[in-house]
Amino acid sequence: MIDPSLALATRGLRKSYGSRLALDGLDLSVPSGVVYGFLGPNGAGKTTTMRVLTGLIHADGGAVELLGRPFTRRDRHRLFDVGALVESPAFYPYLSGRDNLRALAASGAPTPGRRIDEVLEIVGLRERASDAVSRYSLGMKQRLGIAGALLNDPALLLLDEPSNGLDPAGIVAIRETFRHLASIGKTVFVSSHLLAEVQQMADVVGIIAAGRLVREGSMEDLLASEGVVRVRVQPGEVATASALLVRLTAPDRVTPSPTEPGWISVQVAPSRTAEVNRSLAEAGIYASGLTSGNDLEELFLALTGTMGSADPDGTFTGIDPSAGPLAPTELAPTGLAPTEVLS
Amino acid sequence: MRLFVSALRKLAPRMATLLTFGLLAGMLVLIDVAVVATRGAVEGGPGRPGNVLALITFPGAYDQILSFILGLGGLFAVIYGAAIAGSEWTWGTLKTAVARGESRSRYLLATFAAIAVVLAVGFLFTALVGVIAAALGASVAGIGLSGMGDRAALEALPEHFLRGWVAITETAALGFAVATLARSQLAGIGVGIAVYFGETFAGLFLPDVVKYMPFHLATAAVGGSTGFAPVPSSSGPVMSTDTALVLVAVWLLASLAVASGFGERAEITG
Chain A
1 MIDPSLALAT RGLRKSYGSR LALDGLDLSV PSGVVYGFLG PNGAGKTTTM RVLTGLIHAD
61 GGAVELLGRP FTRRDRHRLF DVGALVESPA FYPYLSGRDN LRALAASGAP TPGRRIDEVL
121 EIVGLRERAS DAVSRYSLGM KQRLGIAGAL LNDPALLLLD EPSNGLDPAG IVAIRETFRH
181 LASIGKTVFV SSHLLAEVQQ MADVVGIIAA GRLVREGSME DLLASEGVVR VRVQPGEVAT
241 ASALLVRLTA PDRVTPSPTE PGWISVQVAP SRTAEVNRSL AEAGIYASGL TSGNDLEELF
301 LALTGTMGSA DPDGTFTGID PSAGPLAPTE LAPTGLAPTE VLS
Chain B
1 MRLFVSALRK LAPRMATLLT FGLLAGMLVL IDVAVVATRG AVEGGPGRPG NVLALITFPG
61 AYDQILSFIL GLGGLFAVIY GAAIAGSEWT WGTLKTAVAR GESRSRYLLA TFAAIAVVLA
121 VGFLFTALVG VIAAALGASV AGIGLSGMGD RAALEALPEH FLRGWVAITE TAALGFAVAT
181 LARSQLAGIG VGIAVYFGET FAGLFLPDVV KYMPFHLATA AVGGSTGFAP VPSSSGPVMS
241 TDTALVLVAV WLLASLAVAS GFGERAEITG
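Chains as they are written, first to last, in this note's numbering: chain A, 1 to 343; chain B, 1 to 270.
Any given hint could turn out to be false.
What the hints assert, rightly or not - Estimated spans, in silico, between C-beta atoms of each pair:
| id | chain 1 | residue 1 | chain 2 | residue 2 | range |
| --- | --- | --- | --- | --- | --- |
| 1 | B | L204 | A | R115 | 44 to 52 Å |
| 2 | B | F125 | A | G62 | 32 to 40 Å |
| 3 | B | V121 | A | P4 | 34 to 42 Å |
| 4 | A | G62 | B | E159 | 29 to 37 Å |
| 5 | A | S218 | B | A113 | 28 to 36 Å |
| 6 | A | S137 | B | F125 | 20 to 28 Å |
| 7 | B | A113 | A | S137 | 33 to 41 Å |
To be verified - Under 10 Å between C-beta atoms, here's a sample of chain A residues computed to sit facing chain B:
| id | residue |
| --- | --- |
| 8 | H58 |
| 9 | G61 |
| 10 | G62 |
| 11 | L67 |
| 12 | G68 |
| 13 | R69 |
| 14 | T72 |
| 15 | D153 |
| 16 | L248 |
| 17 | T249 |
| 18 | A250 |
What the hints assert, rightly or not - Computed list of chain B residues with no C-beta within reach of chain A, every gap over 10 Å:
| id | residue |
| --- | --- |
| 19 | V33 |
| 20 | W91 |
| 21 | A99 |
| 22 | E267 |
Hint data in this document are derived by calculation from the structure and do not stem from the laboratory.
All C-beta atoms in this analysis are idealised placements derived from N, C-alpha and C, irrespective of residue type, glycine included.
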């Protein structure tokens with residue numbers, strides 16, 4: 001049953017690469033006219049999802065609906081109303097920015113020539129449009145990629161790490177552009193590692209881990225209801241403490257950190273922080289650290305069970321080391337100031 | 001049509017295009033310069049082939065120029081086809097077009113159609129440069145230019161050009177298909193060169209088989225004298241130029257069918 005209020009939906013999407021399962025029944029519901037933040041740790045299936053949504057690869061099972069209509073292998077014309085930036089922007093390095101957009105405009109949806117200058121203006125590249133792309137910086141290439149995605153004035157934008165390589169001013173400008181697009185009824189689907197950026201930009205968030213959706217909802221509701229309390233106990237007390245906290249909440253709301261010995265994440269409202277502490281203390285377990293907050297980063301880390309942290313030898317654990325460079329927010333400690341710190 | 005025009009616009013300023021035809025034209029000019037500069041030795045030296053001056057003596061120079069372009073051009077064409085097809089994958093530009101809803105096979109075929117047109121233009125340009133260089137060489141060497149207007153030679157030129165263009169396009173299609181299958185410029189270029197030289201050596205042992213291979217068929221289609229393969233196989237069974245032309249067309253279409261079929265089904269990652 002297709003829901004016309006959704007700009008994008010996936011139902012039970014499955015995809016394997018050989019024996020490795022990339023998408024394991026992914027269900028997404030992206031309402032029209034919002035900025036949707038698509039989050040997940042490295043290897044969670046974000047890029048695979050993007051590729052399926054843009055017809056670059058085909059799912060093994062499940063269904064995709066784009067702009068209220070089914071999208072299958074034979075429905076490439078649905079993409080005429082979609083703008084996409086998948087992985088890194090791709091251009092002919094010897095052509096100018098403008099000529100690259102001209103070449104892009106010749107494929108897919110018919111695009112009027114004047115639109116090229118419009119999108120160059122939007123991304124702030126008009127002055128350098130005649131330069132060869134080989135002379136562009138990473139950020140300029142990214143801007144040109146976004147310009148390419150905007151070329152056909154799409155109703156739905158699919159963007160993979162659009163802030164990649166942009167300077168702070170560029171990030172702010174792009175964020176405002178996306179917010180503006182959403183305000184005029186376009187849907188912007190953004191996959192990103194920059195959690196703070198997504199928190200500022202997105203209306204709705206979907207978090208995936210291991211190819212499945214683990215949480216989806218409006219940013220406001222998620223942050224209001226999905227607070228996280230992190231508590232540190234002696235490593236030998238983690239099992240006992242976890243059992244106590246499960247009784248206080250629910251089994252799927254308590255996650256011992258796989259990479260930080262002694263730390264346990266508990267998904268409860270920050271107002272229950274004292275209650276968490278008291279229940280441990282009554283059992284004779286005294287927390288040596290306690291933080292609470294309800295920022296997206298805390299939520300993300302708790303839901304996906306990942307925590308990027310540096311080992312003494314300087315290597316990062318908890319994150320797929322083959323997955324490329326990490327965004328600063330992935331590596332940072334908890335984002336918000338703790339409401340209560342015991343030690 | 002807009003895809004085809006766009007593909008042409010992309011190919012025209014490309015270094016691979018300029019290099020391919022610039023190199024061919026430059027080598028033709030250099031050969032003519034060498035012939036003129038050493039004409040005394042050529043004419044008077046014992047054991048020297050007297051027909052070297054045929055390179056700048058019309059109307060025979062027309063055939064010599066075509067022979068040179070088609071011979072080396074076959075190798076250059078396979079490299080050119082592979083370079084263009086491979087870059088669509090390595091640069092990710094095919095990915096971008098597909099994500100805009102473009103038909104994969106239409107995109108690939110439009111790109112190849114543009115390659116075929118560029119080859120035709122480049123072929124004519126190189127031949128023109130060759131003719132001018134030969135004419136200048138003939139003037140410097142004191143050889144008359146009256147043969148340039150030879151009616152029979154001029155009347156035969158269009159057919160030679162057409163056959164040569166089809167033959168060169170076939171070898172470009174081979175490189176295009178291999179690079180598409182491998183999603184790599186280098187693989188396409190490597191396999192193309194390997195086939196080019198491999199055919200020659202295989203021709204020594206398996207002439208009945210090799211005569212149906214792309215470079216030998218290309219040689220046969222243009223009359224067998226152009227040396228499309230590096231060492232023309234004279235020992236193989238004779239094939240009519242028309243039969244060879246049909247088989248060249250079969251190779252051409254089969255290569256394009258393989259490339260577009262693979263492009264339709266391929267998973268585009270990276």
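Results for each hint:
1. B/L204 - A/R115: 44 to 52 Å: Given range 44 to 52 Å: violated, Cβ gap about 59 Å.
2. B/F125 - A/G62: 32 to 40 Å: At 53 Å between Cβs, range violated.
3. B/V121 - A/P4: 34 to 42 Å: violated (51 Å)
4. A/G62 - B/E159: 29 to 37 Å: Given a distance of about 57 Å, which is not inside 29 to 37 Å, the answer is violated.
5. A/S218 - B/A113: 28 to 36 Å: Distance hint for A/S218, B/A113 is violated at roughly 50 Å.
6. A/S137 - B/F125: 20 to 28 Å: violated (37 Å)
7. B/A113 - A/S137: 33 to 41 Å: holds (35 Å)
8. H58: holds (7 Å)
9. G61: Since the shortest Cβ distance to chain B is 15 Å, the answer is violated.
10. G62: With Cβ-Cβ at 16 Å, over 10 Å, it is violated.
11. L67: Cβ of A/L67 sits 12 Å from chain B, so the hint is violated.
12. G68: At about 16 Å, which exceeds the 10 Å cut-off, the nearest Cβ of chain B leaves the hint on A/G68 violated.
13. R69: violated (13 Å)
14. T72: violated (13 Å)
15. D153: With Cβ-Cβ at 13 Å, over 10 Å, it is violated.
16. L248: This interface hint is violated because 45 Å lies over the 10 Å limit.
17. T249: Hint on A/T249: violated, closest Cβ of chain B at ~40 Å, above 10 Å.
18. A250: With a minimum Cβ separation of about 38 Å from chain B (threshold 10 Å), the hint on A/A250 is violated.
19. V33: holds (31 Å)
20. W91: B/W91 is in fact no farther than 10 Å from some Cβ atom of chain A, at 6 Å.
21. A99: violated (4 Å)
22. E267: Incorrect as stated: the minimum Cβ-Cβ distance to chain A is 4 Å, not above 10 Å.
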